[in-house]
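Novice: For reference, the chains in residue letters:
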Amino acid sequence: MDKLGGVFNASSPEMEAMVDLTLFIIIVAVAILGIITIAITYILIRYRRRSADTAEPRQDFGSTKVEIVWTVIPALIVGVFFFSTIKTMYAVNPPFGDREPDLVIIGHQWWWELFYPKSGVRTANEVHIPIGKKLLVRLNSVDVIHDFWVPELGPKIDLVPGHTNHIWLSASKPGVYLGACAEFCGVQHANMRIRVIAETQEDFDKWQEEHRKIPPTPTTGEAALGAKLFQEKACTNCHLTGVGPDLTHLSSRQTLAAGALENTPSNLVKWLKNPEKYKPSSYMPNMKLTDVEVNAIVAYLEALK
Amino acid sequence: MSRIPLVPEITEPLPSIRESEGLLAWVASIDHKQIGIMYLIATLFFFLVGGIEALLMRIQLVRPENDFISPEVFNQLFTMHGTTMIFFVVMPFLIGIGVYLVPLMIGARDMAFPRLNALSYWLFVLGGLLLYFSFFTQSGAPDVGWFAYTPLSEKPFTLNKGPTYWVLGLLATGIGSVASGLNNIVTIITLRTPGLTMRRLPLFVWMILVTSFLLIFVMPIITSAFAMLLLDRLLGATFFMPATGGSAILYQHFFWGFGHPEVYILILPAFGIISEVIPVFSRKPIYGYEFVAGSTVAIGLLSLGVWAHHMFAVGLGNVFNAFFAIASMLIAIPTGIKVLNWTATMWGGKIHFATPMLFAVTFLIEFVVGGLSGVAIASPPIDWQATDTYFIVAHFHYTLFGGSLFAIFAGVYYWFPKMSGRMPSERLGKWHFWLTVIGFNLTFLVQHLLGLMGMPRRVYTYHDLPYWGDMNLISTVGSLILGLSVIVFVWNIIASLRSGIPAGNNPWNAWTLEWATTSPPPVHNFDLVPPVHGRRPLWDLAHPDMPDK
Amino acid sequence: MNKNKMLVSFFIVSESIFFLMLILAYVNFHRSVTEGPTAANSLNPIKTGVFSLFLLASSLTIWFAGISLKKKNHKMLCTWLLLTILLGVTFLFGQGLEWVGLIKQNITISRNVFGTTFFTLTGFHGFHVTVGLIMLLILLGLALAGDFKGPESDAVESVSIYWHFVDGVWIVVFSVIYLWAFL
Ligand code: HEA
Ligand code: HEA
Ligand code: CUA
Ligand SMILES: [Cu+2]
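Residue numbers (my numbering), protein chains in the order written: chain Y, 1 to 305; chain H, 1001 to 1549; chain A, 2001 to 2183.
If you are wondering where the hints come from, they were derived from the structure by calculation, not from laboratory data. Mixed in with the good hints there might be a few duds.
[Claimed, not checked] Here are the simulated lysine-lysine pairs, BS3-like style, with alpha carbons at most 30 Å apart:
1) 65/Y / 1350/H
2) 277/Y / 1155/H
3) 277/Y / 1161/H
4) 2071/A / 2003/A
5) 233/Y / 305/Y
6) 305/Y / 288/Y
7) 305/Y / 133/Y
8) 270/Y / 288/Y
9) 305/Y / 270/Y
10) 2075/A / 2005/A
11) 2104/A / 1155/H
12) 2075/A / 2003/A
Kindly generate the complete structure, drawing on both the sequences and the hints.
Specialist: Below, the structure is given as C-alpha cells:
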C-alpha cells in the first residue's frame, strides 16, 4: 500500500487526523449506502409484479410516525459528523497567533517561488523541511489563483492574489512527497508540480547552510563561458528578478520546470533548446541559443551547487 | 361521469403547426408542447456535443503522458463540456420538459405567457450559439473552466475572446431561464383547474415550482457577476482584478451563491420525475406526499446558504467554514426523507420493470452514492484533501449523471408515448439501460479512488504513478461504453418515432391529468378536464368505489 | 392577483436581487479605496440630491396617473403620465451631468474600484430608468391614441409597479453612495 499516495500514505499528524475523519465518514456512508441498497433490492424482488396478477395492491399513503423516525436518525448522524468535523478542523488548522512564517510560498504561472525568511534562502519548486517540526507557511500569488497541495502531508490551501493565507506544514518521516497545484491556473496547470523533501534536522540544516551561500562564479573552461553567456543572453532579466525561478542552486534540484522534466544535464540541454516542447506555453522563452552556447550554460548551471 | 370544463383562460386556440405545415410553424410556434419538444431536441443535440467533448478528454487521459490533445485544447474541452452539460443540457431539458408537462398536469391550455415562453426558448438557443461560436474565433473556445475563476478569466490572463463569448452566451440563457421561472410560477399559481389545490398538485409540478423560485432568486446573482466580469473584460473595470484593487474572492462568492442553488435547480425537477414514475410503476400512491413536497421547499431554502462549501480551500477561517459545513450537511436530512419515501412507495407494491422504472430505481442508488460523497466533502478537513481532485469529479457525476440524467432518461421513456403517440422499444430501452449502468459506474467509480490517491482535476496529463494509468484506462473504457449506450438511446428514439406501436391515451395506466388527453395532445390540450377531487384524478375515475381521501 | 401584475411583481423580486449584488459589490469595496477618487472626494451630494427629488416626485405623479385611470379621467391620466416622463428625464439629465463632470476629471470606470463600482451601479440604475421611460412613452402614446379608458389597465398598473421599484432602488443607491459618504 505504501506505493499509493494521498490518503493511503498519511505522513504528517495533520494528515493522520484528516484520514481518521475521512475513514470514519466513509465507513458510515458506505453503511448507509449498503442498507439502502439492500432494502431496495429486497423490495424489488419481493414486490415485483407477477404476470398473472392484475389487481391493484393495497394503497398506502404514509405515516407521520415513520417520517419522524427517518428525519431524526439522519439528523443524529449529521450531528455526529459535524462534531467530529469541528474537532478535526481545529486540530489540523489551529490559529497561528502572531508567529512569523518559517516559509513563504509565492505562486507564479506555473512554478513556485520559495523563501525562508529566517535564513534568507531563496529557491523554487522544491520545498525542504525538517521532519517532526511544524512549519508555518505563508502563501500568496502574483498572478492568478493557485493551490498548494501535497496530498500526504495534509490540507490544501489556495494561493490567492491580494489575500494572504497561512497553513501548517510538517512531515513525520523523511521522504520525498509529491504535490501539485490544485487550482486550475491556465495552460500549464497540469505541469505545476511541487515536491516536499522532508529530511532530518541535520540534513535540513546542511541544506540550508549550503543554500545560504552564493556559489563562486566559475572562472575556467566551459562553465566560465556559460557564466558570461548567462549575463549576456539576458537570462538574468528574469531569473534574478523573480519573473523566473531562482537558478542559484539549480543543480541541487531533482526536477526542472516544476516537475515537467527530471533534472539531468541532458534534460537541461533539451529544455534550454526548446522549452516549448516540454512545457508548451510556459513563460520561459526559447532563447534561440546555439549548441555551443547551450552546453556552456549547462556547464555553468551544473557548476552551481 | 361528470366532467367539468376547463378554466376559461385562453379562448381562441393558439396558432400551431397543425394549421400550417413546415419548419416555420415550429420556429414561430408559441404552443407550449412544441416549445417543450424543441427544448428536448436542442438539449439532445447539445448532449451529443458535450459527450463527444468528454470522450475526447477521456481519450487524452487514457494513459500517462499521452499527447493526443494539446493542453490548450484540453482546457477548452473541459470548459465547454462542463458548461454545455450544465447550462445547455440538464437545465434546459428540465425546463423544457416542465414547459411541456406543467400546463397538461394542471389542466390548462398553455403557459400563462406563451410568447414569453417562446422568448425563453430562443434566448437559450441564442446562448448556445454564442457559446459555440467561440470555437470559430481565432484563439478558440473559452479555456478557464466552467466556473471561470477570476483573475484567470480576466483580460490580462486570458487574452482570447473565448470567455467573452462564454459570458454573453450564459447571460442570454440566464435571462431566458428567469423568464421561464416567472412564467412557471404564474402559470402554476393562476391556471390550475378547479379542485386542483396546492396540496393536490402533482409532485413534479411542486418541484418545478420550487425550482422556478430558485431560478428567479439566484439567476440574477450570476447575471450581475457576469455583468461585472464583462465590464472588467471590455471596459477595463476592476471588480475582480486584485492588481488594481479588485477582489478575486468576491467573484467566487457570487459564482457559488448562484452555483450551489444551481445544482438543486438541476436535481429538483429530476426528483419530480422520480416522484411521478415510481408510484405509477409500483401501483401505489407516493408515500408521504406532504413530506416529499415539504422537503423540496426545505432543500430550496437551505441551498441558498451553503455556497462557501465550494470555497473551503480559499482560507476563510475555521468559523466561517464550520457554518457552511453544517448548513451543507443539513441538506442530507430533507434529501434523505425523499429517498426513503420513494423506497417506501415501492414497499408492498406491484413493481413493473418497464424502462422508465429501471432508470428510476437505479437513480435511487446512484444518486445516494453522489449524495453521500457530497456529505463527506461538506466536512472541511475531508474537502481539504478532496477538493479539486477526481473525487469531486466523481461526486458531481454521480449526482448529475447518476442523479439528473438517470431521472431524465426515466422521464423521456415515461412521457415519450404522450409526446409522440408511440411506445418506445422496450428491447432497445433495456440495452440502453444496462449499457448506461455499466458504462457509468466503470467511468466514475474509480475516480473516487483516483482523487483520494492524489490526482488533481483539470490536468491534461499526469505522471505514471502507481495504478493511475490503470484506473484512468478503466474510466476511459467506461466512457466508451457510455458512448455506445447513447447511440442505442438515439437509435431507440428514432426507431420508435417511426415504427413504435401506437400508445393510446394512457399506456402506463397513470393517474395525473396529462394522461387524460390524447397522445399526442391536441393543440388546446383538453376538450374537457376530468373533475379533480384528490391527488390522482384518473385513479378516482377508474376506482369510483375507493377514491383517494 | 391578476397574472400580469403577478409577473411584474415576481420580476421585481428577481431584479432586486440583481441590484442587491451590485450594491454589495459597492459596499465591499467602499473601505478599500485608499487613494484616488472616492465618493467623499468627488461626488456632489447636493446636486444629485436635488435631482433625486425629481425621481421621487415622479413616483407620486405616476400614482396620480393610476388614480385618474380609476376615475376614468382620461385627460388627467395623459397629463400625469407626461409629467412622470418629464420628471424621469430630468433625473436622467442630472445623472448625465454627474457622469460628464466625473469623466472630465478623468474619473472613469477603469480608474479605480470606486469608479468601477460607482459607474456600474448608477449605470445599471440609469439603464432601468431608461427602460421605464420607454415603457412610459409607449403608454403615453397609446393613451393619446385613445387607449386606457379605465377604470382598470394591467399595462398602466404594471408599468407603475415597475416605476415605483426603480424609484425605490434609487433611494437605496443614493443612501449607500451619497449619504454613507457624507453623513
Ligand atoms: C445535481 C447536482 C448536485 C447535487 C444534488 C449535489 C448534492 C450535494 N453536494 Fe455537490 N456538487 C455538484 C453537484 C451536486 N451536488 C457539482 C456540479 C459540484 C462541483 C462543481 C465544480 O467544482 O465543478 C459539487 C461540489 C460539491 C462540493 C464542493 C467540493 C469542492 O469543490 O471542494 C460540496 C462540499 O460540500 C458538495 C456537497 C454536496 C452535498 C452535501 C450535497 C447534498 O445535497 C447531498 C444530499 C443527499 C444525500 C446525503 C443522500 C441521501 C440521504 C440519505 C440516504 C439520508 C442519510 C444520509 C446521511 C445521514 C448522511 N458538492
Ligand atoms: C450533467 C452534467 C454532466 C454530464 C452528463 C457529464 C458526462 C460525462 N462527463 Fe463530465 N463534467 C461535468 C458535467 C457532466 N459531465 C462538469 C460540470 C465538469 C467540470 C468541468 C470543469 O472542470 O470545468 C465535468 C468534467 C468532466 C471530467 C473532468 C475533466 C477534468 O477535470 O480534467 C471528465 C473526465 O473524465 C468528465 C467525463 C465525462 C464523461 C465520460 C461523461 C459521459 O457521461 C458522456 C456520455 C455522452 C456521450 C459519450 C456522448 C455520446 C455521443 C456519441 C457517441 C456521438 C454519437 C454521434 C452522433 C449520433 C452524431 N467530465
Ligand atoms: Cu497553479 Cu494550477
Ligand atoms: Cu455546492
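Novice: Out of the numbered hints, which ones does the structure contradict?
Specialist: none
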